[in-house]
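Asks: Here's the letter readout for the chains.
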Amino acid sequence: DQQVKQNSPSLSVQEGRISILNCDYTNSMFDYFLWYKKYPAEGPTFLISISSIKDKNEDGRFTVFLNKSAKHLSLHIVPSQPGDSAVYFCAASAANSGYALNFGKGTSLLVTP
Amino acid sequence: GAVVSQHPSWVICKSGTSVKIECRSLDFQATTMFWYRQFPKQSLMLMATSNEGSKATYEQGVEKDKFLINHASLTLSTLTVTSAHPEDSSFYICSARSSYGYTFGSGTRLTVV
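Chains C and V supply the protein sequences, listed in that same order.
So the first sequence is numbered by the numbering used here: it starts at 1 and just counts up by one.
So the second sequence is numbered by the numbering used here: it starts at 1 and just counts up by one.
Hints in this document: simulated from the structure, not taken from any laboratory.
Glycine residues also receive a C-beta, built at the ideal position from the N, C-alpha and C atoms.
Don't take every hint at face value.
[Said to hold, decoys possible] Taking lysine-lysine and the DSBU-like style, the derived pairs with C-alpha atoms no more than 30 Å apart in a straight line are: (1) Lys5/C to Lys68/C; (2) Lys55/V to Lys20/V; (3) Lys54/C to Lys66/V; (4) Lys14/V to Lys54/C; (5) Lys66/V to Lys14/V; (6) Lys68/C to Lys66/V; (7) Lys105/C to Lys56/C; (8) Lys41/V to Lys64/V; (9) Lys55/V to Lys68/C; (10) Lys14/V to Lys55/V; (11) Lys5/C to Lys14/V; (12) Lys105/C to Lys5/C; (13) Lys71/C to Lys66/V; (14) Lys71/C to Lys54/C; (15) Lys56/C to Lys68/C; (16) Lys68/C to Lys54/C; (17) Lys20/V to Lys66/V; (18) Lys14/V to Lys41/V; (19) Lys14/V to Lys71/C; (20) Lys41/V to Lys20/V; (21) Lys71/C to Lys20/V; (22) Lys41/V to Lys66/V; (23) Lys71/C to Lys56/C; (24) Lys66/V to Lys55/V; (25) Lys56/C to Lys55/V; (26) Lys54/C to Lys5/C; (27) Lys56/C to Lys5/C; (28) Lys14/V to Lys64/V; (29) Lys5/C to Lys71/C; (30) Lys5/C to Lys66/V.
[Stated by the list, open to error] Part of the chain C face toward chain V, derived, beta carbon under 10 Å: (31) Pro9; (32) Leu34; (33) Glu42; (34) Gly60; (35) Arg61; (36) Phe65; (37) Ser69; (38) Val78; (39) Pro82; (40) Asn96.
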């Protein structure tokens, strides 16, 4: 049962514009959320995280928004750059399940020049 | 920062043989190691959680006798795929949780022929 869902398998954005990647979750016990960037045959690279006590976290071009009532989070990348092209995974963890990460299926982002 | 060294990065083995994958935390102690598997275009699925010095906890549907996990020290965890079959071909990734957050290995591409 997929507890973390990324309903958009792919997204194409023009360089310089904003990329918005969405993620929904079903487990209300999740209290920590992360975004990872991944290339084929490589391990995920951590981008940004947010705790459930916050609704926004910003790090450079990356901002994560959390809407707990909607069980929804999003990653904003602005401005988007061609080097951002990769698969982005949303992940969530809960203290009561040993902090193991539950991943979405990923969204493939393509940033075109 | 924290680094997890995972090897081999890729391995091809014959059906029926066993393969061992190692994950070492290089500059920190990993009391908990998570093992994931990723099939093409799918999410990273948690297989098991191992804690140093104790038995691993397996997710539902993961055969503990087939995927042997050993976490004998704070810096080394191993996953052995026993009697591998073509359907075990996948991308296996470990992740350690520490005060640095979640650190992933670079992954192992297993192909069983």
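Asks: If a hint holds in the structure, say so; if it does not, say that too.
Replies: To see whether the hints hold, each was checked on the structure:
{"no.": "1", "hint": "Lys5/C to Lys68/C", "in the structure": "holds, 15 Å"}
{"no.": "2", "hint": "Lys55/V to Lys20/V", "in the structure": "holds, 17 Å"}
{"no.": "3", "hint": "Lys54/C to Lys66/V", "in the structure": "violated, 41 Å"}
{"no.": "4", "hint": "Lys14/V to Lys54/C", "in the structure": "violated, 50 Å"}
{"no.": "5", "hint": "Lys66/V to Lys14/V", "in the structure": "holds, 16 Å"}
{"no.": "6", "hint": "Lys68/C to Lys66/V", "in the structure": "violated, 39 Å"}
{"no.": "7", "hint": "Lys105/C to Lys56/C", "in the structure": "holds, 23 Å"}
{"no.": "8", "hint": "Lys41/V to Lys64/V", "in the structure": "holds, 25 Å"}
{"no.": "9", "hint": "Lys55/V to Lys68/C", "in the structure": "violated, 35 Å"}
{"no.": "10", "hint": "Lys14/V to Lys55/V", "in the structure": "holds, 28 Å"}
{"no.": "11", "hint": "Lys5/C to Lys14/V", "in the structure": "violated, 35 Å"}
{"no.": "12", "hint": "Lys105/C to Lys5/C", "in the structure": "holds, 7 Å"}
{"no.": "13", "hint": "Lys71/C to Lys66/V", "in the structure": "violated, 36 Å"}
{"no.": "14", "hint": "Lys71/C to Lys54/C", "in the structure": "holds, 13 Å"}
{"no.": "15", "hint": "Lys56/C to Lys68/C", "in the structure": "holds, 11 Å"}
{"no.": "16", "hint": "Lys68/C to Lys54/C", "in the structure": "holds, 9 Å"}
{"no.": "17", "hint": "Lys20/V to Lys66/V", "in the structure": "holds, 12 Å"}
{"no.": "18", "hint": "Lys14/V to Lys41/V", "in the structure": "holds, 24 Å"}
{"no.": "19", "hint": "Lys14/V to Lys71/C", "in the structure": "violated, 45 Å"}
{"no.": "20", "hint": "Lys41/V to Lys20/V", "in the structure": "holds, 24 Å"}
{"no.": "21", "hint": "Lys71/C to Lys20/V", "in the structure": "violated, 39 Å"}
{"no.": "22", "hint": "Lys41/V to Lys66/V", "in the structure": "holds, 24 Å"}
{"no.": "23", "hint": "Lys71/C to Lys56/C", "in the structure": "holds, 14 Å"}
{"no.": "24", "hint": "Lys66/V to Lys55/V", "in the structure": "holds, 14 Å"}
{"no.": "25", "hint": "Lys56/C to Lys55/V", "in the structure": "violated, 38 Å"}
{"no.": "26", "hint": "Lys54/C to Lys5/C", "in the structure": "holds, 20 Å"}
{"no.": "27", "hint": "Lys56/C to Lys5/C", "in the structure": "holds, 20 Å"}
{"no.": "28", "hint": "Lys14/V to Lys64/V", "in the structure": "holds, 21 Å"}
{"no.": "29", "hint": "Lys5/C to Lys71/C", "in the structure": "holds, 11 Å"}
{"no.": "30", "hint": "Lys5/C to Lys66/V", "in the structure": "holds, 29 Å"}
{"no.": "31", "hint": "Pro9", "in the structure": "holds, 8 Å"}
{"no.": "32", "hint": "Leu34", "in the structure": "holds, 7 Å"}
{"no.": "33", "hint": "Glu42", "in the structure": "holds, 6 Å"}
{"no.": "34", "hint": "Gly60", "in the structure": "violated, 17 Å"}
{"no.": "35", "hint": "Arg61", "in the structure": "violated, 20 Å"}
{"no.": "36", "hint": "Phe65", "in the structure": "violated, 20 Å"}
{"no.": "37", "hint": "Ser69", "in the structure": "violated, 25 Å"}
{"no.": "38", "hint": "Val78", "in the structure": "violated, 24 Å"}
{"no.": "39", "hint": "Pro82", "in the structure": "violated, 22 Å"}
{"no.": "40", "hint": "Asn96", "in the structure": "violated, 13 Å"}
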